[in-house]
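Trainee: Residue-level listing of the chains:
Number of protein chains: 2
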Amino acid sequence: MEKVNLADAFASFDEPWSPRIAAELNGQYVKLAKLEGPFVWHSHEDEDELFFVVKGHLTLRLRDRDIELDEGEFFVVPRGVEHLPIAEAECHVLLFEPASTLNTGETENERTVHDLKWL
Amino acid sequence: MEKVNLADAFASFDEPWSPRIAAELNGQYVKLAKLEGPFVWHSHEDEDELFFVVKGHLTLRLRDRDIELDEGEFFVVPRGVEHLPIAEAECHVLLFEPASTLNTGETENERTVHDLKWL
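The listed protein sequences correspond, in order, to chains L and C.
Numbering of the first sequence is given in our numbering, commencing with residue 1 and proceeding in unit increments.
Numbering of the second sequence is given in our numbering, commencing with residue 1 and proceeding in unit increments.
Extracted from the complex, chain L is given alone in its bound form (with noise of 0.2 Å):
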């Protein structure tokens, strides 16, 4: 394993909603992703989510409130919360959660990615 240098990882690639992994550690992902416009209404049944604000500006909208992440912020959405990503402007974060997690969760559709790409 060599150590990895967000700023380099981030400039490696640029399609958005499309996390890179960049590293693996006790069944967990550590995920890059370039966020830009709204995602999907989705949740994880059972796992915990974590999304830290690298550059740029994240919402968080759960169902009773909306979470606003600037760089340098992070939050877990607990397993089984619905939420919905908003990037009004390109937004990169880093993602902490296991390798079994799926971006759309529970909700399978056309911006679900199955085959994670690593860095």
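Identical copies look the same in the list; a pair holds intra-copy or inter-copy alike.
Below, in silico cross-link-like pairs of lysine to aspartate or glutamate (EDC-like), each with a Cα-Cα straight-line distance of 16 Å or less:
1. K55 x E71
2. K3 x D66
3. K55 x E73
4. K117 x E24
5. K3 x E73
6. K55 x E90
7. K3 x E68
8. K55 x D14
9. K3 x E71
10. K55 x E68
11. K3 x E24
12. K117 x E15
Please keep in mind that the hints were generated in silico from the structure rather than gathered at the bench.
Once you've looked at the hints, dock chain C against the given chain L.
Mentor: Using the frame of chain L, we list chain C on its own:
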């Protein structure tokens, strides 16, 4: 759960080598620690450990090489691999590891922290 702002979180404690738990997810902890000086050689038999440098510079000395981490860089020390974290000057790191992980791994000594504090 509320969001965590890293700058605010690091401003809330001073003690070096005394990680604070910032979040729990999927049986893993996100910990924040201030490091200064050399720690102790240790390894974690069954746990991979991620070091992400938020501020400053960290050397992760392994038996066969040094990993040099600047701000915005991370490295996963695989389970069983001996490592010695060294911070020449104060360094702020985010750790991601199983909730069961002891800071000194298999090497319990006076630096071992048994009762981890939450932020």
